[in-house]
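Chains as they are written, first to last, in the working numbering: chain A, 878 to 965; chain B, 64 to 450.
No lab work stands behind these hints: they were computed from the structure.
Treat the hints with caution; some may be incorrect.
What the hints assert, rightly or not - Chain B is faced by these chain A residues, among others (derived, beta-carbon under 7 angstroms):
{"hint": "1", "residue": "Lys879"}
{"hint": "2", "residue": "Ile885"}
{"hint": "3", "residue": "Leu895"}
{"hint": "4", "residue": "His922"}
{"hint": "5", "residue": "Glu940"}
{"hint": "6", "residue": "Ile942"}
To be verified - To be clear about the criterion: a stretch of chain A counts as covered by chain B if any three or more of its residues have a C-beta under 8 angstroms from a C-beta of chain B, and this derived list gives those stretches:
{"hint": "7", "segment": "907-921"}
{"hint": "8", "segment": "927-939"}
{"hint": "9", "segment": "943-952"}
Built from N, CA and C at the ideal position, the CB exists for glycine as well.
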Amino acid sequence: MKHDILLISPQDNVGVALADIPRGGKARISTGERVEAVDDIPYSHKMALQDIRAGEPVRKYGEEIGRAQTDIPRGSWVHTHNLQTGEQ
Amino acid sequence: MAGHTFRGFIRPDGSAGIRNHIAVIPTVSCAAGVAANIARAASPAVPLLHGHGCGRALEITMHHQVLAGLGRNPNVAAALVVGLGCETVQASSVAGEIAKTGKPCEYLVIQEQGGSRKTTEKGIEIVSRFQKDAQALRRSECPVDRIVLGLECGGSDAFSGITANPAAGLVSDWLVGCGGTVVLTETTEMIGTEHILSRRSASPEVAARVEHIISQARRRTHDILGPLASCVIAPGNMDGGLSSIREKSLGCIVKGGGTAVTQVVDYGQAPASKGLVVMDGPGYDMESLAGLAAAGCQLIVFTTGRGTPAGFPLVPVIKVASTGRLYELMEDDLDINAGGVLDGGSLEDIARDLKTFAVEVMNGEPTKAERNDQNGVLCLAVMTPAF
């Protein structure tokens with residue numbers, strides 16, 4: 878079955894969108910789960926697959942790519958607006 | 064997954080080649096024409112033509128090691144080194160390094176032989192003799208732990224980091240699990256992952272070296288490009304959904320899989336350790352391929368999002384396309400389509416295809432780059448870095 882969100886590593890709490898996913902759309906995750914998008918998720922961008930609280934690590938490739946700047950509910954778009962990466 | 068084997072050519076030093084080439088190596092660009100003539104007349108022989116060997120004070124030692132490393136590569140059955148005579152990288156010395164492996168190696172110096180024609184005639188004689196001996200060699204069963212696999216990514220797109228590279232990473236983990244060696248390079252593309260690779264290092268010494276080479280690459284990028292440094296990595300990637308340089312670099316280093324970094328080597332230096340080895344080297348594909356071949360990699364996996372015809376004269380290069388669209392567009396040049404991940408396939412499926420093909424290539428199956436005779440001029444790294 879074709880999926881819309883790819884989970885790269887089982888330890889990740891974000892997945893990568895393989896198509897534009899409109900807010901309210903039920904995204905099919907590569908693990909078989911479905912997650913409702915609470916934002917528009919642009920193609921090749923990241924979606925939170927779990928609730929991530931402010932200050933908690935955001936993981937992709939099984940590694941921390943930054944910390945949540947705010948509470949990020951499951952289904953949210955995750956990018957520079959809500960992800961603290963510690964880089965200039 | 065242990066117990067895997069392939070059929071390779073056992074060399075006198077115990078290494079195993081997956082090809083049985085005769086290399087003709089000019090030590091300096093001035094000798095390239097003669098080397099090319101010898102290889103052409105005594106076909107099949109592989110001329111390793113390059114534009115270096117003299118007048119580059121900073122690179123003399125490195126280029127000496129790299130040319131010797133290419134001759135030492137297990138895919139080379141025998142090597143003829145052709146020098147001019149007055150160059151800084153001397154033929155006798157390069158040949159001496161290659162001969163330490165025990166494989167047949169001779170050298171000719173054009174100024175001593177009395178010019179092009181005499182050198183070419185003598186070279187043809189030597190190469191013909193090498194060929195007779197090499198043709199008598201037969202493949203035999205070798206454990207896959209003899210393989211040193213090089214990793215390269217070039218012409219990346221938004222999908223390289225989520226399809227082709229993670230699939231390559233699973234194959235890296237498989238090979239390391241079998242006791243083999245994987246070489247991850249392109250230090251520029253590790254910027255931002257210092258703490259991750261250092262945490263994954265097998266010892267504090269390796270961790271310190273990893274951090275050192277990446278911080279040097281970061282500094283060089285800023286020294287040379289100044290405010291443009293961030294453009295090496297930034298705006299397009301941000302639009303493509305990558306939120307930081309670290310995230311982008313993670314998509315590159317994922318090719319190496321998740322095992323511990325056991326050693327850091329210089330450009331073109333052969334690893335002494337098994338497992339995942341980091342080679343300090345440039346991000347420029349062609350220089351990177353030469354460094355991997357000089358380090359002794361018998362096989363290279365090259366992931367690409369934009370497509371490239373590039374191969375390497377001595378080493379089969381397996382090209383992995385990040386999307387089905389690219390694979391269909393440039394099927395002549397690409398071996399594996401990792402795009403199935405975008406259509407519902409799993410990374411494990413792609414990794415299985417890649418591993419199966421890699422073992423076939425070890426056993427002699429030609430890659431697309433080999434079929435297309437992609438034996439161009441070598442690019443050796445220079446101290447003024449390429450990005």
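Are there hints from earlier that the structure breaks, and if so, what are their numbers?
-> 9
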